[in-house]
Amino acid sequence: MADVITYRDAVAEGIAREMRRDPSVVCLGEDIGAAGGVFKTTVGLYDEFGPDRIRDTPISEQAIVGAAMGAAMTGIRPVAEIMFSDFLACCWDYLANEIPKVRYMTGGQVTVPLVIRTANGGGLGFGAQHSQAVENWALTVPGLKIAAPSNPADVVGLMAAAIRSDDPVVFFEHKGLFASKGTPAPPEHVVELGQAGIVREGSDVTVVALASTVPTALAAAERLAPEDISAEVIDLRCLIPLDVRTVLTSLQHTSRLVIVEENPYQGGWGATLASLVADEGFDLLDAPIKRIASACVPLPFADALEERVIPTTDSVTDQIRRLMAY
Amino acid sequence: MTGTSTQQAGQLDAAALLSLYEQMSVIRRTEKAAHDLFMSGLVKGTTHLAAGHEAVAVGASAALRPDDYVFATYRGHHHAIARGATPEECLAELMSKATGLCRGKGGSMHLTKVDTGMLGSYAIVGSHLPMAAGAAWSAQVRGTGQVAVAFFGDGATNIGAFHEALNLAAVWQLPVLFICENNFYMEYTPISSVTPVANPAADRAPGYGIPGEVIDGNDVLTVHDAVARAAERARAGDGPTVIEAQTYRHYGHSRTDPAKYRPDGELEQWLERDPLTVAHRHLTQLGIAGDELAQADSRAEQVVANAVDAAKNAPDADPAEAFTDVWADGGSTWRT
Numbered sequence: 118m119a120d121v122i123t124y125r126d127a128v129a130e131g132i133a134r135e136m137r138r139d140p141s142v143v144c145l146g147e148d149i150g151a152a153g154g155v156f157k158t159t160v161g162l163y164d165e166f167g168p169d170r171i172r173d174t175p176i177s178e179q180a181i182v183g184a185a186m187g188a189a190m191t192g193i194r195p196v197a198e199i200m201f202s203d204f205l206a207c208c209w210d211y212l213a214n215e216i217p218k219v220r221y222m223t224g225g226q227v228t229v230p231l232v233i234r235t236a237n238g239g240g241l242g243f244g245a246q247h248s249q250a251v252e253n254w255a256l257t258v259p260g261l262k263i264a265a266p267s268n269p270a271d272v273v274g275l276m277a278a279a280i281r282s283d284d285p286v287v288f289f290e291h292k293g294l295f296a297s298k299g300t301p302a303p304p305e306h307v308v309e310l311g312q313a314g315i316v317r318e319g320s321d322v323t324v325v326a327l328a329s330t331v332p333t334a335l336a337a338a339e340r341l342a343p344e345d346i347s348a349e350v351i352d353l354r355c356l357i358p359l360d361v362r363t364v365l366t367s368l369q370h371t372s373r374l375v376i377v378e379e380n381p382y383q384g385g386w387g388a389t390l391a392s393l394v395a396d397e398g399f400d401l402l403d404a405p406i407k408r409i410a411s412a413c414v415p416l417p418f419a420d421a422l423e424e425r426v427i428p429t430t431d432s433v434t435d436q437i438r439r440l441m442a443y
Numbered sequence: 431m432t433g434t435s436t437q438q439a440g441q442l443d444a445a446a447l448l449s450l451y452e453q454m455s456v457i458r459r460t461e462k463a464a465h466d467l468f469m470s471g472l473v474k475g476t477t478h479l480a481a482g483h484e485a486v487a488v489g490a491s492a493a494l495r496p497d498d499y500v501f502a503t504y505r506g507h508h509h510a511i512a513r514g515a516t517p518e519e520c521l522a523e524l525m526s527k528a529t530g531l532c533r534g535k536g537g538s539m540h541l542t543k544v545d546t547g548m549l550g551s552y553a554i555v556g557s558h559l560p561m562a563a564g565a566a567w568s569a570q571v572r573g574t575g576q577v578a579v580a581f582f583g584d585g586a587t588n589i590g591a592f593h594e595a596l597n598l599a600a601v602w603q604l605p606v607l608f609i610c611e612n613n614f615y616m617e618y619t620p621i622s623s624v625t626p627v628a629n630p631a632a633d634r635a636p637g638y639g640i641p642g643e644v645i646d647g648n649d650v651l652t653v654h655d656a657v658a659r660a661a662e663r664a665r666a667g668d669g670p671t672v673i674e675a676q677t678y679r680h681y682g683h684s685r686t687d688p689a690k691y692r693p694d695g696e697l698e699q700w701l702e703r704d705p706l707t708v709a710h711r712h713l714t715q716l717g718i719a720g721d722e723l724a725q726a727d728s729r730a731e732q733v734v735a736n737a738v739d740a741a742k743n744a745p746d747a748d749p750a751e752a753f754t755d756v757w758a759d760g761g762s763t764w765r766t
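So the protein lines, in turn, are chains P and C.
Okay, so the first sequence: first residue is 118 according to this note's numbering, each after it adds one.
Okay, so the second sequence: first residue is 431 according to this note's numbering, each after it adds one.
Any given hint could be a false lead.
Claimed, not checked - Pulled a few chain C residues facing chain P out of the computed Cβ check, cut under 10 Å: (1) S526; (2) T542; (3) A563; (4) W567; (5) A666; (6) P693; (7) E696; (8) Q699.
Claimed, not checked - Sample of chain P residues lacking proximity to chain C, with all beta carbon distances greater than 12 Å (derived): (9) P140; (10) D284; (11) R340.
Hint data in this document are derived by calculation from the structure and do not stem from the laboratory.
Bear in mind that the values here come from a model prediction, so they are computed numbers and not experimental data.
Just so you know, even glycine gets a beta-carbon here, dropped at the ideal spot from N, CA and C.
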């Protein structure tokens, strides 16, 4: 086993492990077959599992997700790829009205074990229609589970949990992290959905992050260490189920909370987390909750503009420093 | 009433046809009961009645296997009953009762009975066509020989999901039947005024390399035979079929629609070819006596009267049900 693996390769590895384990797992999506995926996240799957289990589709997002739903309702476990998360809007009916509601409105008659994988987020200069972080869209819909890994081992572990879940999971792979490297996942690695990870221990401030903002938060924490600011970084890993307990437990010894989101400030997941902490952990706080999120503008193209919009190590470091001075 | 499921095209005998007639009679009376219960304040929300469409649901269901999958629309009472739901379960659901098909969480537009192959009624127009394609794909992957059927209205043919589903079904050669109930009105507007082809479903099918057939949707025998042929084709691996069954709804689009936009005489013309009347004529020609038909109607009347009573007397939906069935563990917890 290699010492390190890329996030990109971990996606294919995570899917392959589940397909070997369970013959009812099938994949569908645009360019996922012989082409190996536009982000090269399905490389090798077509060769190993063949066209019956790795199905190329037309550019038809409604058909992809709608068919995945019908298939999941009738005995197989589809893993559907929506290439860029922006394109979830093209099949939003299925995420907002069909998949999350069908169990409920049929009085529990239907099980929908499906995964919708998608490349989320900015940082690569793809412009406003290929760069959004849209996990907050899914968060508004009761009935969807939401995973968003930040490192290769979690990609594999969360993929295992997502595919084995009898509930529908939207799986956000961050396109800005595809080239990043990390420790490979051990055999049989499963990361339970709704289990946050403490990726850096600290005593002065709790920094809650997700996917791309985890490395940003870690970099900020390292930069602040020489200033005697000890930041604890929590990788939320999932938005639903939401691990509020780990956040409140951390606040018991840090008493300060910073939330770092890539989605726009308006309606971001951090607002839900902040309101929960205000509701249930107000006594734990010695300072206001600070949310750092993307600006409420469409993602611009040029690097210099994009950097102004998305949270950066500089902006996170600066905001934590200010909060510590409160 | 699924005893004819192994019948092939053209093989329905008089006894089988009488059984289908009785089933249509049950559905017609259930729809009337739903209407009356609504008017007396015992059904809330809205209802979309399918009186007039019975031959499509009953003829098609009789040509399917019990383990085939059916997906329907918000106008789906007739499909639910043709597919094995009882009038009592359906009316109880409409009346917000604990004994309803979905225990009060579905309502008129979401009648579902998975264990008899009724995989749901979906109230976003056209959304279930890709689902039916997916169920057919699942059957293909598992090698079960099952087919999936999507029943939909003429209005769904101008939705993107219709076109995406047909294309995918054709390119993957899926065992799926797309059955359009063309009642000539999408809600309040004539379909012809917003569609550039005469037959909104069947005329589009060749564009996807799929056979498209227009049939008399008020003749239960015609529907049965067309669906039996298409299902046979699908099971043989020859892919999807589009069937456009021309029919007519006796009521307006929904409870609040008196259907005043219909030209004078149009309803009366269709009533002459009412599915029950057409089946009645077939049965008379096959030598079924008038008293046998009257007995079938009488049995249907009794079934529905009993269903109304049972549904009225059933307990109300349990408020605790509001917090069950979001997740597979039965609960709705979203956080720690």
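These are the hints, each one checked on the structure:
{"no.": "1", "hint": "S526", "result": "12 Å, violated"}
{"no.": "2", "hint": "T542", "result": "4 Å, holds"}
{"no.": "3", "hint": "A563", "result": "5 Å, holds"}
{"no.": "4", "hint": "W567", "result": "5 Å, holds"}
{"no.": "5", "hint": "A666", "result": "19 Å, violated"}
{"no.": "6", "hint": "P693", "result": "34 Å, violated"}
{"no.": "7", "hint": "E696", "result": "33 Å, violated"}
{"no.": "8", "hint": "Q699", "result": "37 Å, violated"}
{"no.": "9", "hint": "P140", "result": "9 Å, violated"}
{"no.": "10", "hint": "D284", "result": "5 Å, violated"}
{"no.": "11", "hint": "R340", "result": "31 Å, holds"}
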